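Novice: Order-wise, the sequence lines are chains C and G.
Letter by letter, the first sequence follows residues 1 to 134 of UniProt numbering.
Letter by letter, the second sequence follows residues 1 to 300 of UniProt numbering.
Honestly, I wouldn't trust all of these hints.
What the hints assert, rightly or not - In silico DSSO-like cross-links for lysine-lysine, where the CA-CA straight-line distance does not exceed 27 Å:
no.: 1; chain 1: C; residue 1: Lys70; chain 2: G; residue 2: Lys101
no.: 2; chain 1: G; residue 1: Lys101; chain 2: C; residue 2: Lys65
no.: 3; chain 1: G; residue 1: Lys9; chain 2: G; residue 2: Lys275
FYI, nobody ran anything at the bench for these hints, they're computed from the structure.
Source: prediction; values computed, not measured.
Residues per chain, in single letters:
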Amino acid sequence: MLERSIIQQRGFRNIVDGNDITGFQVPIRLNYYRGVWMSQVRPITVTVDGTTYEGDQIAWEVSGKTIAQKDLADSTDIHWNSLDAAMLLVKKAGGLKPGIHDIEVFNEFSASYLPPRLDLMFSRPEQRRMVLVR
Amino acid sequence: MNIYDHRKKLERERTKGVPYRGVSLYCYAEELGFTMTLEDCLADMYDMGATGLEILANGHIENYPNPGEEWLENWFFLLEKYDIEPVEYGHWVDSRMIPEKQLSTKQSYEMLVRDITLASKLGFTVMRTKLGVVDEILNPVPNWREFIEMALPVAEEHNVRMCPELHQPTALKSAMVDDYVEFIEKTGTKHFGLNIDLGVFQTADRLEIPGYDDKPCQPEDMVDLLPYTYACHAKFTHMTEDLEDPTHPYKEILAVMIREQWDGCLLSEYEGKNKDVPGYSSDQLRKQHVMMRKLLGEID
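Whenever a hint applies, use it, and build me the whole structure from the sequences.
Specialist: As structure tokens, then:
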């Protein structure tokens, strides 16, 4: 089951590669009543304690596939189901320190059946205070 | 289970020439996946005797558009367990799917074919085909005729009807709806029709559209469209404690349907407040279904 907030707790931890911590991951749900194709999703920014990560510092993990942000617009065949969390993989050598962090994300995506003026209307930023253990 | 026999059994139990009741899982949008499972939603419908189901494909089908065998097996098991008929498969032709571009006719056709195939596999006979729109009053993309016409033989082969939704602020008497009817009459197809969202009749608290003089449609406006209408969204935003809908004229709407012997499915769509309060949408749905049972002559 999902949590109500866009930023989800389960899955929030550092990313370990061999002996190194290479970054951290933040799970988010889609703020929408249906799923979207990843080409409908715009590049996202993640802000942690005032530091913003963007562009190629972030990759997406959706439906078992990893997508670089520059490839989102071409990802017309990868579907993000609204009942599944997507994982944001953020590069940061050493990761985040165990403890409390203020996380902010802004996930934007298009909805073609609305007037073009309202294309991104379901998108909204969200903040959540999160605890990272490892 | 054989979906054909299952559907026939449910059809036999219905009154001929009268609409029957169902629910769109859109009603549970803030609960399904948070506080309720798919089975919880269907069990809730069983309590109401709501036998018709609408799902939103991109969301309610695990691993859409390629559900696994285990999911499919459970799907048919649940339909039988709760006396549910898969009626309408909600899907989208996302014309702005690729940033800064419009989907080509061929790409739109390919999206349609993928959904037609899956809808049919899950036992659906109607598809709520949401087209991309180009303006404030929801006119569809200009190439809709081309890709719908290309898909008609595929829809026929899979026994499904593609139905764009006529939704507020669209007026039933308008050029857009005339275009759809003209297309149906010109092609003579039984595999493209309409879904009327009964919110077009809403009398108060309507959507505010900039620069558009929006007025409620009249129930009689439906008459010429009903022969082409394969499902309706029974839209509501608030049921009172007296089990009445103060903003949608259901008594008049259902009287017209019964008079015209329209016997399609009324799929409830709750679009009011507190959808994220556990149990709230179900309480609203139950109230609406008591109202509909009375108006359909099921109870006094």
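Novice: Please name the hints from earlier in the document that this structure breaks, with their numbers sorted from lowest to highest.
Specialist: 3
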